[in-house]
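Trainee: In case you want the letters, here they are:
Protein chains: 2
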Amino acid sequence: MKAITLASKQQSKLLLTEVQEISLKKGEVRVSIKAAALNHRDEWCRQGLYPNIKDGVVLGSDGAGIVTELGEGVDQDWFKKEVIINPALHWGEDQKVQSASFEILGMPRNGTLAESVVVPADRLFDKPGHLTWEEAAALPLSGLTAFRALTYQGNIEPGENLLVTGFGGGVAQYAVQFGLALGAKVSTSSSSPEKLERAKVLGVSYVFNYLNNNWISESLKQVNGFDLIVDGAVGNTLNQLIQVAKPGGKIVFYGATLGNPSKLEARKIFWNQLKIMGSTMGSDTDFKAMVSLVCEKKIHPIIDQVFKFDEAEKAFDRMRDGQQMGKIVLVP
Amino acid sequence: MKAITLASKQQSKLLLTEVQEISLKKGEVRVSIKAAALNHRDEWCRQGLYPNIKDGVVLGSDGAGIVTELGEGVDQDWFKKEVIINPALHWGEDQKVQSASFEILGMPRNGTLAESVVVPADRLFDKPGHLTWEEAAALPLSGLTAFRALTYQGNIEPGENLLVTGFGGGVAQYAVQFGLALGAKVSTSSSSPEKLERAKVLGVSYVFNYLNNNWISESLKQVNGFDLIVDGAVGNTLNQLIQVAKPGGKIVFYGATLGNPSKLEARKIFWNQLKIMGSTMGSDTDFKAMVSLVCEKKIHPIIDQVFKFDEAEKAFDRMRDGQQMGKIVLVP
Numbered sequence: 001m002k003a004i005t006l007a008s009k010q011q012s013k014l015l016l017t018e019v020q021e022i023s024l025k026k027g028e029v030r031v032s033i034k035a036a037a038l039n040h041r042d043e044w045c046r047q048g049l050y051p052n053i054k055d056g057v058v059l060g061s062d063g064a065g066i067v068t069e070l071g072e073g074v075d076q077d078w079f080k081k082e083v084i085i086n087p088a089l090h091w092g093e094d095q096k097v098q099s100a101s102f103e104i105l106g107m108p109r110n111g112t113l114a115e116s117v118v119v120p121a122d123r124l125f126d127k128p129g130h131l132t133w134e135e136a137a138a139l140p141l142s143g144l145t146a147f148r149a150l151t152y153q154g155n156i157e158p159g160e161n162l163l164v165t166g167f168g169g170g171v172a173q174y175a176v177q178f179g180l181a182l183g184a185k186v187s188t189s190s191s192s193p194e195k196l197e198r199a200k201v202l203g204v205s206y207v208f209n210y211l212n213n214n215w216i217s218e219s220l221k222q223v224n225g226f227d228l229i230v231d232g233a234v235g236n237t238l239n240q241l242i243q244v245a246k247p248g249g250k251i252v253f254y255g256a257t258l259g260n261p262s263k264l265e266a267r268k269i270f271w272n273q274l275k276i277m278g279s280t281m282g283s284d285t286d287f288k289a290m291v292s293l294v295c296e297k298k299i300h301p302i303i304d305q306v307f308k309f310d311e312a313e314k315a316f317d318r319m320r321d322g323q324q325m326g327k328i329v330l331v332p
Numbered sequence: 001m002k003a004i005t006l007a008s009k010q011q012s013k014l015l016l017t018e019v020q021e022i023s024l025k026k027g028e029v030r031v032s033i034k035a036a037a038l039n040h041r042d043e044w045c046r047q048g049l050y051p052n053i054k055d056g057v058v059l060g061s062d063g064a065g066i067v068t069e070l071g072e073g074v075d076q077d078w079f080k081k082e083v084i085i086n087p088a089l090h091w092g093e094d095q096k097v098q099s100a101s102f103e104i105l106g107m108p109r110n111g112t113l114a115e116s117v118v119v120p121a122d123r124l125f126d127k128p129g130h131l132t133w134e135e136a137a138a139l140p141l142s143g144l145t146a147f148r149a150l151t152y153q154g155n156i157e158p159g160e161n162l163l164v165t166g167f168g169g170g171v172a173q174y175a176v177q178f179g180l181a182l183g184a185k186v187s188t189s190s191s192s193p194e195k196l197e198r199a200k201v202l203g204v205s206y207v208f209n210y211l212n213n214n215w216i217s218e219s220l221k222q223v224n225g226f227d228l229i230v231d232g233a234v235g236n237t238l239n240q241l242i243q244v245a246k247p248g249g250k251i252v253f254y255g256a257t258l259g260n261p262s263k264l265e266a267r268k269i270f271w272n273q274l275k276i277m278g279s280t281m282g283s284d285t286d287f288k289a290m291v292s293l294v295c296e297k298k299i300h301p302i303i304d305q306v307f308k309f310d311e312a313e314k315a316f317d318r319m320r321d322g323q324q325m326g327k328i329v330l331v332p
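Protein sequences, first through last, are from chains A and B. Just so we're aligned, residue 1 is where the first sequence starts under this note's numbering, counting upward by one. Just so we're aligned, residue 1 is where the second sequence starts under this note's numbering, counting upward by one.
Honestly, the hints are just simulated from the structure, not real lab data. The structure presented is a predicted model; accordingly, all values stated were derived computationally and were not measured. Careful: at least some of the hints might be erroneous.
Which copy? The list can't say, so a pair holds if one copy fits it or any two copies do.
To be verified - As a list, the in silico DSBU-like pairs of lysine-lysine whose alpha-carbon atoms are at most 35 Å apart:
(1) Lys200 with Lys268
(2) Lys263 with Lys185
(3) Lys54 with Lys96
(4) Lys54 with Lys246
(5) Lys263 with Lys80
(6) Lys263 with Lys298
(7) Lys297 with Lys268
(8) Lys26 with Lys200
(9) Lys246 with Lys2
(10) Lys288 with Lys80
(11) Lys246 with Lys26
(12) Lys54 with Lys268
Turn these sequences into a full structure, and let the hints steer you where they fit.
Mentor: See the structure below:
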């Protein structure tokens with residue numbers, strides 16, 4: 001089968017190549033991929049930013065497709081089913097945190113950027129009926145991350161003020177969409193006026209361009225403090241977020257694309273009884289609840305652009321450069 | 001009446017002086033002070049570290065005594081009662097965070113380091129019967145702070161591993177005592193071998209001297225990660241605490257005697273799903289529950305030393321220098 005693999009000697013670090021189909025172990029299924037989607041994780045794999053990366057691994061965490069082969073012990077009902085795949089493997093039993101054996105589909109285990117992928121059957125969920133293949137493929141990793149940050153960690157309540165930073169990124173979009181679906185008053189920020197216009201169409205209350213130095217005072221005037229802030233950047237903007245958090249509020253971050261902050265306003269945190277919480281991916285419980293919300297509220301993922309597998313380099317470059325507005329999808 | 005007031009022109013910045021007794025407003029009572037206790041806050045007032053400090057204010061947040069006069073509308077039952085005083089004024093209705101009008105007894109409102117203090121009657125609680133006057137006076141502010149950090153914020157569960165840093169400080173001692181009473185497996189740290197010996201007598205599982213560079217690896221070997229860490233220092237030790245926190249664990253800090261950290265390990269926080277939470281004082285609900293626990297478990301505050309009012313300078317100096325092991329008490 002054709003697959004997009006890591007190839008550090010290539011200029012693009014990627015190779016669309018023929019890969020041997022592996023045979024199924026007990027409890028596994030083969031899913032014929034109809035569409036796959038990119039995450040920052042894929043680009044970071046390409047850049048070699050994880051330990052123990054090896055050439056030849058098939059990248060990709062997000063995928064949707066049709067079950068074409070069942071391993072021993074798998075319920076026959078799955079055969080020919082249209083599915084999405086939960087890319088979080090071996091989370092374990094603790095809702096608070098993933099187990100030590102937790103891993104994410106698509107490195108070290110071969111991922112979804114291929115004509116087919118082999119996964120444990122317990123990672124399968126029915127493809128939501130209202131979604132196209134491209135939309136379905138775009139949902140799992142970012143949707144899961146956003147959902148857990150908002151709900152289990154952020155405990156968002158209807159009517160609360162939610163700020164989602166960096167609209168345009170996959171998790172941020174889902175955080176905005178899910179926040180709206182859960183009845184929060186949602187605001188979002190970006191450096192791109194176009195992305196902020198797009199956010200308004202979704203029903204966001206206020207948008208802030210964080211390149212504008214006034215955004216903190218403006219947001220305090222308009223919202224008077226956010227109950228929950230969902231962020232994936234951290235860096236020194238964390239201290240700005242601390243300023244716009246409502247006393248008693250929460251800041252949940254699911255990534256740190258701007259790296260570590262070089263200071264932290266400790267006094268403001270304890271006096272205002274703030275909570276700064278880290279979140280990553282989500283449990284099986286989170287995934288199930290996320291899919292339920294998407295189905296119940298008929299939420300449609302935002303698709304940036306759809307690429308063919310042989311345009312993988314262009315797709316990855318677009319992710320690297322942060323040009324996308326929505327999920328970048330690849331189809332075999 | 002005699003009272004210890006702020007006096008910036010004095011070398012000691014303190015003055016034991018005659019102060020006019022104020023008349024009672026509606027809902028207020030006068031409490032004749034049997035014992036009062038010091039907190040860091042009093043020392044910081046002496047050092048002028050709060051805004052709007054004025055000479056002449058009577059310091060002191062912690063006190064216990066006998067109700068000698070009732071204002072209009074106060075229940076007659078309080079007359080002649082032995083009481084402790086909740087020093088948290090105007091917390092408000094929100095359990096998450098204090099209101100904007102929140103203040104702490106003893107600046108700007110005249111405090112407990114006096115022969116008598118005037119407080120709203122709703123700040124009174126029956127003095128726990130098993131406590132001496134000195135012990136009762138030592139309980140309110142630090143006990144409240146420790147209790148909220150452990151329970152409402154830290155949500156400590158029986159059997160969980162709790163680390164309380166800086167044993168010797170008032171809040172830290174109560175956090176250790178309350179943690180033990182609530183069934184946690186408690187460890188504590190200090191730079192003083194004597195204080196750590198004292199902690200062992202209380203029933204602490206492990207003690208760590210944080211001047212020993214191995215304390216992190218040692219604690220990881222012995223406890224394999226703390227579910228909850230209660231800290232009042234922050235500074236760069238925060239990153240050490242992040243290392244010894246169990247994945248999914250919480251760090252609650254109620255002060256920052258070491259100031260702001262100069263960096264923060266963001267990746268470790270989100271990958272390990274840690275929560276870093278600020279806490280200060282506590283609500284009326286917290287105070288009530290704290291006093292109940294103290295009564296139910298017959299907890300005795302640890303008293304460092306008892307001074308007379310005319311030894312106030314010595315008492316404050318002892319607080320400033322961190323020499324104390326337990327609460328510093330002053331009696332009129």
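Trainee: State for each hint whether it applies.
Mentor: Hints versus structure:
Taking the closest pair of Cα atoms, Lys200 and Lys268 come within 35 Å of each other both inside a single copy (31 Å) and across two copies (34 Å). Taking CA atoms no more than 35 Å apart as the test, Lys263 paired with Lys185 passes in both settings, with 30 Å inside one copy and 32 Å between copies. Taking the shortest Cα distances, Lys54 and Lys96 sit within 35 Å of each other inside one copy (31 Å), while across copies they are farther apart (48 Å). When the C-alpha separation of Lys54 and Lys246 is checked against a cutoff of 35 Å, the pair qualifies only between copies, where the shortest distance is 30 Å, while the shortest distance within a copy is 45 Å.
Taking identical chains as interchangeable, the C-alpha atoms of Lys263 and Lys80 are never at most 35 Å apart, the minima being 54 Å within one chain and 52 Å between chains. Within a single copy, Lys263 and Lys298 get their C-alpha atoms no closer than 42 Å, and across copies no closer than 42 Å, so neither meets the 35 Å cut-off. Taking identical chains as interchangeable, the C-alpha atoms of Lys297 and Lys268 lie at most 35 Å apart only when they sit on different chains, with a minimum of 34 Å there against 38 Å within one chain. In this homomeric assembly, Lys26 and Lys200 never come within 35 Å of each other (Cα to Cα): the closest approach is 48 Å inside a single copy and 52 Å across copies.
Taking the closest pair of Cα atoms, Lys246 and Lys2 never come within 35 Å of each other, the shortest separation being 51 Å inside a single copy and 42 Å across copies. Taking identical chains as interchangeable, the C-alpha atoms of Lys288 and Lys80 lie at most 35 Å apart only when both belong to the same chain, with a minimum of 21 Å there against 61 Å between chains. For the homomeric pair Lys246 and Lys26, the shortest alpha-carbon distance between copies (33 Å) is at most 35 Å, but the shortest distance inside one copy (51 Å) is not. In the homo-oligomer, the alpha carbons of Lys54 and Lys268 lie at most 35 Å apart only across protomers (24 Å), although the nearest pairing inside one protomer, at 44 Å, exceeds that limit.
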